[in-house]
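Keeping the supplied structure of chain A fixed, place chain B upon it in accordance with the hints.
One-letter residues, chain by chain:
2 protein chains.
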Amino acid sequence: MTVTEHTTRNGVDTATLFATLDAVRGDTELAKFQFRATNRWLAGTHNQSTIHGFHGAKQDMTHQQPFTFDADHPAVLVGNDNGPTPVEYLLHALAACLTAGIANVAAARGVTLSEVSSTVEGDIDLLGILGLSNEVRNGYQRIRVAFTLRGDDPEKLRAVVEQSRRRSAVFDVLTNGVPVSVDVSTD
Amino acid sequence: MTVTEHTTRNGVDTATLFATLDAVRGDTELAKFQFRATNRWLAGTHNQSTIHGFHGAKQDMTHQQPFTFDADHPAVLVGNDNGPTPVEYLLHALAACLTAGIANVAAARGVTLSEVSSTVEGDIDLLGILGLSNEVRNGYQRIRVAFTLRGDDPEKLRAVVEQSRRRSAVFDVLTNGVPVSVDVSTD
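Protein sequences appear in the order of chains A and B.
The numbering used here puts the first residue of the first sequence at 1, with every later residue one more than the last.
The numbering used here puts the first residue of the second sequence at 188, with every later residue one more than the last.
Pulled out of the complex, with its shape left as it was, chain A reads as follows (with noise of 0.2 Å):
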């Protein structure tokens, strides 16, 4: 009988959080992932993702299910209201970043949780969009992340959050940009 030790802290298993860590070290190719999102237009402002497949540690694999999400715009924008709109996506990948990158740092500092709450807020001047106006910037002007947290000394606390921060892929996306490419097919 083999005995496997599992340690887990705020539900991260870290022996395999460690694990996975040394492998990619021994062989960075297993790093190189890529995520995608297919898109079918429904109706108006309505259409739905679905997130499935994946690429990464060097061979294609998918979620234990497909994921389907609806956007659309409310009333008030002319929309059905079927669905948060795409920019309010924007906030909860934002929030789901941070949050999930403060349980792995705590868990790998030995730093215990009790509470990881987040409101995020982000100021849209629609004039962009609407193309009524072309000083007004299309997107967000500012975004606001404002956590709660409570578990260890608030120190230690504060600590993970900004390591957190400072290794988010979301954070970095939203506040330094990617390259974007917009490819069209009509046939």
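To be clear, the hints were calculated from the coordinates, so they are not data collected in a lab.
Some clues are possibly wrong.
Some but not every residue of chain B turned toward chain A, in silico, with C-beta under 10 Å [as the list claims (entries may be wrong)]: (1) L229; (2) I238; (3) Q251; (4) Y327; (5) F334.
Pairs of lysine to aspartate or glutamate, EDC-like flavour, derived with a Cα cap of 20 Å [said to hold, decoys possible]: (6) A:K32 with B:E308; (7) A:K58 with B:D310; (8) A:K58 with B:D268; (9) B:K343 with A:D183; (10) A:K156 with B:D374; (11) B:K245 with A:D123; (12) A:K32 with B:E322; (13) A:K58 with B:E308; (14) B:K245 with A:E121; (15) B:K219 with A:E135; (16) B:K245 with B:D209; (17) A:K32 with B:D310.
Going by beta-carbon spacing under 8 Å, a handful of chain A positions derived as facing chain B [as the list claims (entries may be wrong)]: (18) F35; (19) M61; (20) D81; (21) A103; (22) L130; (23) L132; (24) R137; (25) L174; (26) N176; (27) T186.
Remember, it's a predicted structure, so these values are computed and weren't measured experimentally.
Ideal Cβ positions, reconstructed from N, Cα and C, are used throughout, including at glycine.
For chain B alone, kept in the frame of chain A given last:
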């Protein structure tokens, strides 16, 4: 009896769309919106956001219902796959924003659509977020969107996509970045 003319194209109520544009032209304060998400950590890399209230057109509003979304890491990234990763939500947001814009622009221009579908791919090297390289960025290195459109004349369809891209809030945020502040309370 009043006969109201409802001109709908591609599922877009163009009469209401143009009336909305006129209203905002007359009072640009109506265009100031604030979107919000709240997030709660569950365990490990699993967390959940709720999107419900927002501010716009000078009033606090809510979506018809609260929308909740789970994010997690797949097993290969030491999670339990209870939802897509945060970075995959960015791809969905981008496809959704461009697609909603395509529907609106096409309707405003009298261009008929029969299909709008897309695939979005994002390349990311996890050496950044894993803290194993300081040369590799944390976020996506590039994102590619591939649209397929059917309906009207191909040239008109391509012009509609281009105009949607030029006025997309998510495309702007992802390509140009936005200031993000992160506050922490440990009370």
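So, going through the hints one by one against the coordinates:
Because the smallest distance between the Cβ of B:L229 and any Cβ of chain A comes to about 8 Å, under 10 Å, the interface hint for this residue holds. Checking B:I238 against chain A: minimum C-beta separation of about 5 Å stays under 10 Å; hint holds. Because the closest C-beta pair between B:Q251 and chain A is about 5 Å apart, less than 10 Å, the hint holds. The closest approach between the C-beta of B:Y327 and any C-beta of chain A is roughly 5 Å, which is under the 10 Å cut-off, so the hint is satisfied.
Annotation: interface hint on B:F334 holds; nearest CB of chain A at approximately 5 Å, less than 10 Å. A distance of roughly 13 Å separates the Cα atoms of A:K32 and B:E308; the hinted pair therefore holds under the 20 Å criterion. Restraint check for A:K58 and B:D310: satisfied, since their Cα atoms lie roughly 13 Å apart, inside the 20 Å limit. For the proposed pair A:K58 and B:D268, the alpha carbon gap of about 19 Å is at most 20 Å, so the pair holds.
With a C-alpha separation of about 15 Å, the suggested pair B:K343 and A:D183 falls inside the 20 Å cut-off, and the hint holds. A threshold of 20 Å between alpha carbons decides the hint, and for A:K156 with B:D374 the separation of about 13 Å falls inside it, so the pair holds. About 13 Å separates the Cα atoms of B:K245 and A:D123, which keeps this hinted pair within 20 Å; it holds. Among the hinted pairs, A:K32 with B:E322 is consistent with the structure: their alpha-carbon atoms are about 14 Å apart, no more than 20 Å.
Proximity of A:K58 to B:E308 is assessed by CA-CA distance (about 16 Å); at most 20 Å being required, the pair is judged to hold. The suggested pairing of B:K245 with A:E121 holds, with an alpha-carbon distance near 16 Å, which does not exceed 20 Å. Taking the CA atoms of B:K219 and A:E135, the gap is near 14 Å; set against the 20 Å cutoff, the hint holds. Between B:K245 and B:D209 the alpha-carbon distance is near 16 Å, which keeps this suggested pair within the 20 Å criterion.
Proposed proximity of A:K32 and B:D310 is supported: the alpha carbons are some 8 Å apart, at most 20 Å. Because the smallest distance between the Cβ of A:F35 and any Cβ of chain B comes to about 5 Å, under 8 Å, the interface hint for this residue holds. Using the Cβ-Cβ criterion of 8 Å, the hint placing A:M61 at the interface with chain B is satisfied: the shortest such distance is roughly 6 Å. A cut of 8 Å between beta carbons decides the hint on A:D81: the least distance to chain B is about 5 Å, and the hint holds.
Taking 8 Å as the C-beta cut-off, the interface hint given for A:A103 holds, the closest approach to chain B being about 6 Å. At about 6 Å, the closest approach between the beta carbon of A:L130 and any beta carbon in chain B falls short of 8 Å, and the interface hint on this residue holds. A cut of 8 Å between beta carbons decides the hint on A:L132: the least distance to chain B is about 6 Å, and the hint holds. A least Cβ separation of about 6 Å between A:R137 and chain B falls short of the 8 Å threshold, and the interface hint therefore holds.
With a cut of 8 Å, the hint placing A:L174 at the interface with chain B holds, because the nearest CB-to-CB distance is about 6 Å. Contact between A:N176 and chain B, as hinted, is supported at the beta carbon level, the nearest pair being about 5 Å apart and thus within 8 Å. A hinted interface residue such as A:T186 counts as satisfied when its beta carbon comes closer than 8 Å to some beta carbon of chain B; here the least separation is about 4 Å, so the hint holds.
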